[in-house]
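Given the coordinates of chain Y, work out where chains P and C should sit on it, guided by the hints.
Residue numbers (the working numbering), protein chains in the order written: chain Y, 1 to 313; chain P, 1 to 258; chain C, 1 to 364.
BS3-like mimics (lysine-lysine), calculated; alpha carbons at most 27 Å apart, straight line:
1. Y:Lys301 x P:Lys255
2. P:Lys255 x Y:Lys305
3. Y:Lys305 x P:Lys233
4. Y:Lys213 x P:Lys255
Partial selection, computed: residues in chain C whose CB lies under 8 Å from chain Y:
5. Ala89
6. Trp104
7. Pro144
8. Glu307
FYI, nobody ran anything at the bench for these hints, they're computed from the structure. Every residue, glycine too, gets a C-beta built ideally from N, C-alpha and C.
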Amino acid sequence: MGYALIISEVRRGVFEERNLDSIGIANLAGKDACLLIPEGNYNINSNMVDRIIKVKIEESLFLNPLIITGLITKIMDSLGLPDMVIFTHSSSGIEMASYLAGKMGLPIITDISGYEKNGDIFFKSYYSDKVFGQFRKIKDNPLILTVRSGSFKDFATDKGKQVEETTVEGLSDIEERSFVEYVEEEKTGVDITKAEFLLSLGRGIGNKDEIPKFEELAQLLKATISGSRPVVDKQWLPKERQVGTSGKTVKPKVYLAMGISGAFQHIAGMKDSECIIAVNKDPEAPIFQYAHYGIVGDANKIRDKLKDIIQGG
Amino acid sequence: MDILVFVKRVAATQEEELRIIDEGKNIDLSKIPFKMNDWDNYAVEEAVKIVEGRGGSVTAISIGSAASDEVLRRAIAMGAKDGILIESNETIHDPVLRAISFYNFIKKEKIQFDAIFTGVQSEDDQFAATGGFLAGKMGLPYASMVIGIDAIENGYFVLRRELEGGLQERIKIKTPCVMSIQSGINEPRYVSIMGIRKASKVERKTVKFNDYAENGDAVIDLIKWSYPEKKGKATMLTGEVDAVCKELLEILKNKGVC
Amino acid sequence: MQDEAASRVLVCIQCGKCTGSCPESGRTPFNIRMLVRKKQFNYAIDESMPWYCTACNACTIRCPRDVKPSEMIIEIRASLVENGNIPLAIQKALENTFIHKNPWGKPRSKRGEWAEKLDFKVPHISETEHKRLLFLCCVQAYDPRCMIIPVNVAKLLNKAGYEFGILGEEECCCGNEIRRIGEFGLFEELMEENKANFREYSVKEIIALSPHCMNTLKNEYEDMGIKVMHYTEVLSNLIKEGLLKPEKPFEKEMIYHDPCFLGKQNKIFEQPRNILNNITNGKLKEFLRSREISLCCEGGGGRMFFEPEAQYKRNSETRVEEAKEKGAEIITTACPFCVMTLEEKAIEKGLAVKELSEILMEVI
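Here chain Y stands alone, though its shape is the one from the complex:
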């Protein structure tokens, strides 16, 4: 059975959860899972893979596409060619994967979210998930993949056997590309377009006095508050939090709209959110046509109950 070389995505000492999807597809495709990771105290359930190769290298060098390519070439020299080289579909993952493909002249398919063992077919999203292209590789060389987060992690299971661990030498830093430092998000002002989770408030909340309680809920949920135009016009929220055609366009992972009816101009600003959840008293509110989940109810009551449940434990 061939092996899949899985390149860990690690960041500031954390072994990213996305790596489980890489491990998952290796298992699904029936390949020996061989995990490449820098030396360090990463919290991995090593029983999910067949083999771990630890590299004596600093994390930032490991993530450098120019350097990782050299490392992978060395590994392939000693272990032989893998059937697949798997990366997470993430900022660093895509960067490393595409560079490796070019350097070694290998086929690459990115953002894989489905796989059919029969025929070795990979499903790749097109036009923002409106259709899927089914791909397979033509030649016999290793296929480079980046895998969409959440697609295969259920297949990353405990193998229940001894994991082979080896350590290899790393490579030195290079001047062509070098890491300088991490830059944290500036905390001044709010950029709702960068938030992963927006708790968005509309006129349905009733009046300005309800806002502080929503802010408490937002804190508990780790959400960022945003709002529709009427709420901003009334100055219940500052303009920088406005979602809509005359405000900002947002695409968060979750958009929880409370008391928002779903006027056309508002929808235009948030319709591409990954998951839209709408709470509104009016079952005919247009927002339900765009939401993935809906609750017909009073936004304030739902808010209070959510807080109770979270704080109650």
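Okay, now just chains P and C, sitting in the frame of chain Y:
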């Protein structure tokens, strides 16, 4: 500084419903309008800003049908000096083939450059691989998800890459290099229709894709298209407030946001 | 293109009548008289200023020297457009119009979908005998709230046996707001495409649903030889001729708001009133500022797409308060932009806004 920018003409499918036709072989794009790939817009704007500041020129290159001339004109209207079309009437799905085509063209025509900009990905196939593949093949330093260029000095770009969760990393890469530009790096200028018309007066070269296709055998095969699983209307959460809220919290947890 | 400016800033005597008529003055930093003054001397103008203008045209109508200040605003905007120096929201509206032929970026292929709500088929203009075109308008073709207007008007015309046809997805944005934003190149392209269609299908008459569309089709599309009317003109005639008979009176207390593009700019004051007075037995209320001096709702001139920085009490709120003072339960009007800007404020204060066709549908 001389910068090459790759631009692509893509279908504007945002609100459209797409139909798969020919028994899964094709997608019906006949009624869909086309436009410049959003990410490329940012890339052109960034390149033009740089040369406006330090001198040099921007050249836009596109692979596509003759209709792709419109994105070259747009790039010129934004400030590019000229445009080159590598004409192909077939859609090239494999990013490897596109990268190899650019590679061959640059090598054969001995194109000089300090940097190559691409968009992080294109709106249609979202492969996000062409820039990186080209960089790897050319052995040039590469950075993707570039969200800000902080300095250009001593033959290096000092730039920031967008990571996950609002985090960024600052890195240095040496020129000549390849960069894939992330949306949001700047605010692309508006190009008026009159501006695009004026751009028609600037010379755009056209070459044939097949003339630059050596060593460009497809390595992946697109077998067919299929639809995603049906997403119905909103799933309504019903019942007692307590139960509904608990269900809501489960959904949030599954989405990984809290 | 605009080789010669339509405006004549050099003859301005700074009388201030423009600022006195302007719906933005006093509430916002926008001062049209001062902007004309600055233009006279070629002083720099703050780039955010020109975007306040709602294109109501009151200044141009009232100016004693025919300076045409509203055209000057369009010229200033045009040079900002050419420099690419425009607010992002306006940019998006223009880019959407260029690609999808409507500022909302909705699919062109769905522009005719409103007609599916009817229980009869609306013919394509080419299939009609009289070549009478019903021109939709982008808002009414796509916005769920306003889509009821073409549906109602279609039903009313059908009931009166008044033949009409549509262009469906071949219709493009009329370009009225586009021209007011200063994108002349795009306006020309839209105009050319619409005109080519009118020619191809030998259109003889156009019934426009929006006063904005009517305005540009009638006054700014050159050399068409086509009769352009607002639908209220048509319905007013049909009622007069007895082809449409209101069956019962409209009982609720109602007040009529003159849209700028219908009223002060195109002098259509009586036809909507004929219709409404007929069905309210003359009990239709009037605003203090009505007809030529109707208070602009601030929906035009690109303001549908863009919110300026200043926080101030909107005219829509003032208008609704006045309606309430006069004892009206319903504000009626004949323009989709007025409907959209007034409705939000009206609902807050317990009033309803109904477009004229919605009123008619209740009584016919």
